[in-house]
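**Q** Please take these sequences and the hints and turn them into a complete structure.
There are 2 protein chains.
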Amino acid sequence: MISVDEATRLVASTVQPLPSEYLSLPLAAGRILREDLRADRDFPPFNRVAMDGMALRYAALAAGQTEFRIESTQFAGQPPVPAQDAAAAVEIMTGAALPSNLDTVIRYEDLTFRTDDAGQRWGTVQVPAPHAGHNVHTQAADRHRGDLLVPAGTRLEPAEMAVAATVGAATVAVARRPRVAVVSTGDELVPITEQPQAHQIRRSNALMLQAAAWQAGAEAEAFHFDDDPAALRQGLPALLTGFDAVVLSGGVSKGKADFLPETLRVLGVEQLFHEVGQRPGKPFWFGRQSGGAVVFALPGNPVSTFVNFYRYARPWLLAAQQPEGTNFGSVALGGPVPAVLTEDVVFKPRITHFKLVSLGPGPDGRLLATPERAGGSGDMASLLTSAGFLELPPEQELFPAGTVLRVWRFRQ
Amino acid sequence: MISVDEATRLVASTVQPLPSEYLSLPLAAGRILREDLRADRDFPPFNRVAMDGMALRYAALAAGQTEFRIESTQFAGQPPVPAQDAAAAVEIMTGAALPSNLDTVIRYEDLTFRTDDAGQRWGTVQVPAPHAGHNVHTQAADRHRGDLLVPAGTRLEPAEMAVAATVGAATVAVARRPRVAVVSTGDELVPITEQPQAHQIRRSNALMLQAAAWQAGAEAEAFHFDDDPAALRQGLPALLTGFDAVVLSGGVSKGKADFLPETLRVLGVEQLFHEVGQRPGKPFWFGRQSGGAVVFALPGNPVSTFVNFYRYARPWLLAAQQPEGTNFGSVALGGPVPAVLTEDVVFKPRITHFKLVSLGPGPDGRLLATPERAGGSGDMASLLTSAGFLELPPEQELFPAGTVLRVWRFRQ
Chain A
8 MISVDEATRL
18 VASTVQPLPS
28 EYLSLPLAAG
38 RILREDLRAD
48 RDFPPFNRVA
58 MDGMALRYAA
68 LAAGQTEFRI
78 ESTQFAGQPP
88 VPAQDAAAAV
98 EIMTGAALPS
108 NLDTVIRYED
118 LTFRTDDAGQ
128 RWGTVQVPAP
138 HAGHNVHTQA
148 ADRHRGDLLV
158 PAGTRLEPAE
168 MAVAATVGAA
178 TVAVARRPRV
188 AVVSTGDELV
198 PITEQPQAHQ
208 IRRSNALMLQ
218 AAAWQAGAEA
228 EAFHFDDDPA
238 ALRQGLPALL
248 TGFDAVVLSG
258 GVSKGKADFL
268 PETLRVLGVE
278 QLFHEVGQRP
288 GKPFWFGRQS
298 GGAVVFALPG
308 NPVSTFVNFY
318 RYARPWLLAA
328 QQPEGTNFGS
338 VALGGPVPAV
348 LTEDVVFKPR
358 ITHFKLVSLG
368 PGPDGRLLAT
378 PERAGGSGDM
388 ASLLTSAGFL
398 ELPPEQELFP
408 AGTVLRVWRF
418 RQ
Chain B
8 MISVDEATRL
18 VASTVQPLPS
28 EYLSLPLAAG
38 RILREDLRAD
48 RDFPPFNRVA
58 MDGMALRYAA
68 LAAGQTEFRI
78 ESTQFAGQPP
88 VPAQDAAAAV
98 EIMTGAALPS
108 NLDTVIRYED
118 LTFRTDDAGQ
128 RWGTVQVPAP
138 HAGHNVHTQA
148 ADRHRGDLLV
158 PAGTRLEPAE
168 MAVAATVGAA
178 TVAVARRPRV
188 AVVSTGDELV
198 PITEQPQAHQ
208 IRRSNALMLQ
218 AAAWQAGAEA
228 EAFHFDDDPA
238 ALRQGLPALL
248 TGFDAVVLSG
258 GVSKGKADFL
268 PETLRVLGVE
278 QLFHEVGQRP
288 GKPFWFGRQS
298 GGAVVFALPG
308 NPVSTFVNFY
318 RYARPWLLAA
328 QQPEGTNFGS
338 VALGGPVPAV
348 LTEDVVFKPR
358 ITHFKLVSLG
368 PGPDGRLLAT
378 PERAGGSGDM
388 ASLLTSAGFL
398 ELPPEQELFP
408 AGTVLRVWRF
418 RQ
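Chains as they are written, first to last, in my numbering: chain A, 8 to 419; chain B, 8 to 419.
Hint data in this document are derived by calculation from the structure and do not stem from the laboratory.
Please note that the accuracy of each hint is not assured.
Since copy identity is lost for identical chains, a pair holds within one copy or between any two.
What the hints assert, rightly or not - In the EDC-like style, the derived pairs of lysine to aspartate or glutamate whose C-alpha atoms are separated by at most 20 Å in a straight line are:
{"hint": "1", "residue 1": "Lys-355", "residue 2": "Glu-116"}
{"hint": "2", "residue 1": "Lys-263", "residue 2": "Asp-117"}
{"hint": "3", "residue 1": "Lys-355", "residue 2": "Glu-228"}
{"hint": "4", "residue 1": "Lys-263", "residue 2": "Asp-194"}
{"hint": "5", "residue 1": "Lys-263", "residue 2": "Asp-49"}
**A** What follows is the structure, given as structure tokens:
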């Protein structure tokens, strides 16, 4: 039996960056970028008018001029035309490129207008600008051409999509989605469309794992095998070569129908560990097929399956979408955040305890973790009212209310 | 100009629950449930063996018996067979239904076995069970048949998927996805595949809004119109009747090309408000088409568009997927959480200020909000380094470091 830290280290050691693929930008939403996005132009690319109003020379204003002859009107999208007359102005709209010999914009709210007998329009400044450049978003004020805007490894969220569009990244390199096979085993399981007999239950772990894999950005297909070594030996090889990760539930404990560790050995999957000093989820088996999938063989009790997935498999799936060398289990990659325990918790065994908790913000901005009353690793319903699990380290027995601990969130 | 609170109230007043649709369970992952899920059987549905080992009568153990004749072996999925002999035991596997006349399970780790000359297998208890029912997950220990497990309005996350599968909800009622038209306007905008001229920029808001709508569970189609009243009058009606929400960006301020408020009026869209006491995003126009879409006409500066979407449109999209009467803007529906300001912030105008911040957990479990150096509402790049925005109320000018404020997160 190895420690949680050692298990984490071994799982992390198997992460290989997935290949990249090229997608048109709209299809890449939510995916992990695999190239740096740089500014193809300055941000903004020109002296951009920030308010609707009148553009003029600040020097004229500073010299006391308040009324300006309006020489032309310029809309956003029109090429800028310099004012011919140093004392004149251009009526101008937000988003327009400021003409090169003007430097300041007075917004409509601070102007009045009149049209003289000759039909000439004049604007009078009621509230003078405090400085040159007022209401002008100066070229390169935010970023310079060539600046790194979005580094490889970033998830393409709405803000990144906007920036990618702005720099003309019509096609982007992103990580291919991890391909995951989720596999339930157990002769007591019937399909969800069937009425179980008294001693049977419906299959639920595979769908749970599938949904959790989807949330981690993966494609996931669900499979089921009976507790039959021959069926496993026949069915597993295609999964071990056709997927990046195989996530099994059940069949890894000490029972007489727990054929998976032996079957995986026979199939040539290298065992990296079996049994981790943790509750729930101790019988977790982990290995890898040379040139093929990593194998997360999780114990089948639903809470064990669930906690092991979020503690080990989800960080693996997120890390595999990153470029080389990204920190496994960081917050951005599904890792834990600090939370404050609201009640005393006692756990005596010298192993790591994953304690289901509900989470909510306290009025002082602290994230509060309240232990759930849970009936053990078979109590699937306890997951409904929980939002994460605390990781209680093995060397401590009493965790008093107020202790700050690491919590792995499975809900946001 | 109305207050942010009043604008919020008016936006909330237009929420109508979207119709439900029926999906097969795997397709419903991530969707909002529109029916209650109840336990069709007890949880667990039988006295479920929780460890691999040997099932026996506790009374025999309590009377001093330590060695038990193994009458049969029972695997998960097999109908339970009561032990014939009161002093005998059944070797039994995790997940099996406990035979009716047995009550306690001793796990393999606490047993030794021998086989006698007649070929009969015997198990000897090395570590006695502390009480009857040990290692048995008792029928109905977690939930009773008929109990409400997952109420309507819950998002189908992995735990809910598992429970839905367990109760045989092979088809579930979920909210139809909101249908959103996102529309950019502005003559300065060129498609992302084109090289802009010096005074042009590429279209980015529509894609940003589309990605943000997807994150809120919506379908979203992107459109673009030039700043041309005729084009708007021709193109908008189909959107106003064909979508649940139309989210526009640009064309709502005081400029001479800001045709949207007038065009929407001409098209019969009821204006609920125009201009909100907030920065950025003051020119926000909001209305609804009778029997048609609600219209979020957002100012076109990218930060204004973005902040208004997350402050008003995202909560609307999430609330519309809920059953009737759910609390608009609650945390579960995209609403704000408390965070602690790490630096002094001063904002003098008597309007609400949305302040971009980065967010991170402090070592004491508090969520820390650090103001971003941002160049105003045109500084799209400032969104890249931010994770949310604080809502600074209008009645206050100085917000000292340490103040707890509400933050609207746009990244998790």
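**Q** Does each hint fit the structure? Answer for all of them.
**A** Structure-based check of all given hints:
no., hint, verdict
1, Lys-355 / Glu-116, "between (70 Å within a copy, 19 Å between copies)"
2, Lys-263 / Asp-117, "between (84 Å within a copy, 16 Å between copies)"
3, Lys-355 / Glu-228, "neither (39 Å within a copy, 56 Å between copies)"
4, Lys-263 / Asp-194, "within (12 Å within a copy, 72 Å between copies)"
5, Lys-263 / Asp-49, "neither (67 Å within a copy, 27 Å between copies)"
Consistency note: the structure conflicts with the earlier hints numbered 3 and 5.
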